[in-house]
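With chain Z's structure known, arrange chain G with the ligands on it following the hints.
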Amino acid sequence: MYAQMVKSEATNEDPAKLAAFQARIDAGEKIEPKEWMPEGYRKTLIRQIGQHAHSEIVGQLPEGNWITRAPTLERKAILLAKVQDEAGHGLYLYCAAETLGVSRDELTEALLSGKMKYSSIFNYPTLNWADIGAVGWLVDGAAIMNQVPLQRTSFGPYSRAMIRICKEESFHQRQGYDIMMKMAKGTPEQKAMAQDALNRFWYPSLMMFGPSDKDSVHSAQSMAWKIKINTNDELRQKFVDQTVPQAEYLGLTIPDPDLRWNEEKGGYDFSEPDWSEFFEVIKGNGPCNAERMEARQKAWDDGAWFREGLMAHARKRSAAKVAAE
Amino acid sequence: MSSEWPLWEIFIRGQHGLNHRHVGSLHAPDAEMAVKHARDVYTRRNEGVSIWVVPSAAITASSPSDKGPLFEPSNSKVYRHPTFFDIPEDVGKM
Ligand SMILES: [Fe+2]
Ligand SMILES: [Fe+2]
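Keeping their order, the protein sequence lines are chains Z and G.
First residue of the first sequence: 1, per the numbering used here; consecutive thereafter.
First residue of the second sequence: 1001, per the numbering used here; consecutive thereafter.
Among these hints, one or two may not hold up.
[As the list claims (entries may be wrong)] Residues from chain Z that face chain G, not an exhaustive set, calculated with beta carbons under 10 Å:
#, residue
1, R104
2, A304
3, R307
4, E308
What the hints contain is simulated information worked out from the structure, not anything from laboratory work.
All figures in this text were calculated on a predicted structure; none of them were measured in a lab.
Virtual Cβ for every residue (Gly too), placed ideally from N, Cα, C.
Just chain Z, same shape as in the assembly (with noise of 0.2 Å):
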């Protein structure tokens, strides 16, 4: 997902610490920033948070690509105010994790460094409008998959974030599925764009949720601690039993030969994407691994005199205001 494969860290503290703080998640109850918490829930959080905020920063990068290229102006504007609500995504999350003991900076440092991870969708290239419609109709789709359940997390400022975050996603979903609808609806070499896209991206979508990781420890003991509320193949399986009516919809199909319902579980039976193909997109070699974190770095370093300019220009005013008392 846009978190995929966090590791958790082990804890050993006082286990009677460990058994009260696991009752209070049990019940329901949400652990906030100053209260006790086992080291490795909040490393596991800091690691999680991060992650996420980091994919919606980078996933600006794929869709700001073609802002001054849309077709229209009313498309442009909707893009900018879609890419707009993701840098508005990667900091509320940026602040959840700060509650943990991170700063923002560290946080952008471990992204630079490859230190911490983004999710493996945005090293994939956004080649033509159609495309624009599959990010937003596929990726902001499986997206949603995984943060509706994510706003019951039991840590307060991660739930807050993801209940802001679901409220503006929906929007997000509808203007992907909207281009897709004008694209397949048009000249038949539109359509073949639709389809083309969706070729593409069917099944990096299907790699956002991560391997499978029902016998994965890591993942129990994320489930335990309610950062994670569900496995990762039953997000694949939903998103999947979601998607294929929306693609027959539009008169396209879904690149996959062996995809057909399955009566007995109710679900599509589909087949799995090329996990060696994720493996080495998470190691650094996808399409776009390289550019995106330029592009990161020359922001960060291109920002760098605004960021101090500013901050001494308060100072200065700060002093004189002081001064002047």
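This is chain G with the ligands only, laid out in the frame that chain Z set:
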């Protein structure tokens, strides 16, 4: 010296007549910029008619371990609620 912008807590009045409510936090170099950022981060969909910004460092919070001594005393004072008193129906609305 670190150039990391300080943290501000953001309070928004959603509608006329309501209290300002804490909505989250953000980084900004000074109060004026914090208001501008708060507008962009927290009111993109008409969520507010007024913004307060407060330096996070200026907030004093009660400690979680004081929860008992601070809030338990009011648990036993049920007579503070009107439902504690049985008023006969004959008396009418009260
Ligand atoms: Fe988002
Ligand atoms: Fe989104």
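Practice item. Could you check the structure against the hints above and give me the numbers of any it violates, in ascending order? Key: Going through the list in order, the structure violates no hint and respects every one.
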